[in-house]
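**Student:** For the record, the sequence lines run as chains G and H.
Taking numbering that gives the first Met the number 0, the leading residue of the first sequence gets 0, the next gets one more, and so forth.
Taking numbering that gives the first Met the number 0, the leading residue of the second sequence gets 0, the next gets one more, and so forth.
The reader is advised that the hints may include incorrect statements.
[Unchecked claim] List of simulated lysine-lysine pairs, PhoX-like, C-alpha gap at most 20 Å: (1) 157(G) x 53(H); (2) 143(G) x 82(H); (3) 42(H) x 97(H); (4) 42(H) x 189(G).
[Stated by the list, open to error] Some chain H residues flagged as far from chain G (calculated, every beta-carbon gap over 12 Å): (5) 5; (6) 41; (7) 47; (8) 68; (9) 78; (10) 94.
Calculated from the structure, these hints are not laboratory results.
Note that beta-carbon positions come from the ideal geometry of N, C-alpha and C, so glycine has one too.
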Amino acid sequence: MKLYLYGIIDSSDQITDSIYGLEGSGVYNIPFRDIGAVVSQISQPIQDVTESAVLEHEAVVEKLMANFAVLPVRFQTIIDGRDSLLSMMQSYYKDFKDNLRRLHNKLEFGIKVIWPADKIKENIIKTFRNGKQGKVESDSSLSKKFIKEKFDKYKIDKEFEAKAERFIKVMDIFFSRFAAEKKLEKLKTKNLLLDAVYLVEKDKQNDFREAFEHIKSGPPGLKYLFSGPWPAYNFVVLSKKSGLLKDSEQTVLFDKVTQCQALVGADSI
Amino acid sequence: MITNGIVETDSPEEFIEEIERAQNVLPKKIDANPKTVEKGLAKLVLILIELIRKLLEKQAMRRVEAGSLSDEEIERVGETLMKLENKMDELKGIFGLKDEELNLNLGPLGDLM
């Protein structure tokens, strides 16, 4: 019988709540020293990724999250058996402990912001055309005209980026006050101004939420997506030095964007 | 089923669209069947050439901005960049590739195209 792994928790005690996982089988903790791997037995490999299976996985992780620090494991992580699991736990014990300590009592929230990129660029172009038009003087030479066109575009793009940076900086000031760690991505697409994840202590989650409500009432034209609380999918860091698993397997264990989050609309939250 | 996590937005369709756009910058699989392998390889090579061309262009713009290029140098750089761009257009035409097919998400540097 293979073991389906949901997450690593900061406890070696048995789980007292009745939690049911994939295939309706009971979820239990396999202890290793002072931590544990939460698993259920699975009769066969998962053939299809279905929404219900992904949500079942996520539901287990979220139930664990209520009582433990959890390192969430990627959907579809199946271990050959108890011996393989314990061997993996031994190899990664220090990494797991470090992460559990760092992520203890913390939750992940996602913030995405869309801005009206075309309108903003249009305004920049308008201002640019009304003002100074770059440093290269236009003359009859084709190559100089080419450079001038490119330079104008470069200046406009640069201002667009700078504007994005300024917006993000202001928003981040509000969120960072209540966050222990953060990961921000600027302009993943021209419209997706900000794609951020924040790690927030449990007792600060209401403050974080209030900061979001405050930001929402800010400049018009921006659209927001708030998600969470999630297990800290984006903040698990494994050292490369760990023995048993190869690097590729590490990413399988703790994938940045889980299919589960994708299904609930919170991928790379 | 989800006991804790919520996703809250007034514009779900727009976010889905943008998230998909951000994820689909690179194809999930390389199309390497016998009929399309030539185009697939050309695409890969042209993406790399385009990346280098864009970097050269950006560097040139920085130097123009800093005022460190003489008139003659601007003339020469302009001619080179223009020829490079024309050659790329020619190659894209030969292999039937559009600009958006040569896009590459460079993370914090933004999109290539």
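**Student:** Please verify that the nearest CB of chain G lies beyond 12 Å from residue 94(H)'s CB.
**Tutor:** holds, 24 Å
**Student:** Are all C-beta atoms of chain G more than 12 Å from that of residue 78(H)?
**Tutor:** violated, 4 Å
**Student:** Measure nothing beyond the straight line between the CA atoms of residue 42(H) and residue 189(G); if it is 20 Å or shorter, mark the hint as holding.
**Tutor:** violated, 23 Å
**Student:** Does the claim that residue 41(H) lies outside the interface with chain G hold up, using a Cβ gap greater than 12 Å?
**Tutor:** holds, 25 Å
**Student:** Taken at face value, is the distance from the CA of residue 97(H) to the CA of residue 42(H) at most 20 Å?
**Tutor:** Between residue 42(H) and residue 97(H) the Cα gap is close to 10 Å, so the pair holds against 20 Å.
**Student:** Please work out if residue 143(G) and residue 82(H) have their alpha carbons no farther apart than 20 Å.
**Tutor:** holds, 13 Å
**Student:** Going by Cβ atoms, does residue 68(H) stay more than 12 Å from chain G at every point?
**Tutor:** violated, 9 Å
**Student:** Looking at residue 5(H) again, its CB stays over 12 Å from all of chain G?
**Tutor:** Residue 5(H) not clear of chain G: closest Cβ-Cβ about 7 Å, inside 12 Å.
**Student:** Check whether the Cα positions of residue 157(G) and residue 53(H) lie no farther apart than 20 Å.
**Tutor:** Holds. Residue 157(G) to residue 53(H) sits at ~15 Å (cutoff 20 Å).
**Student:** Residue 47(H) clear of chain G by more than 12 Å, beta carbon to beta carbon?
**Tutor:** holds, 21 Å
Violation of the numbered hints given earlier is confined to hints 4, 5, 8, 9; the remaining hints are satisfied by the structure.
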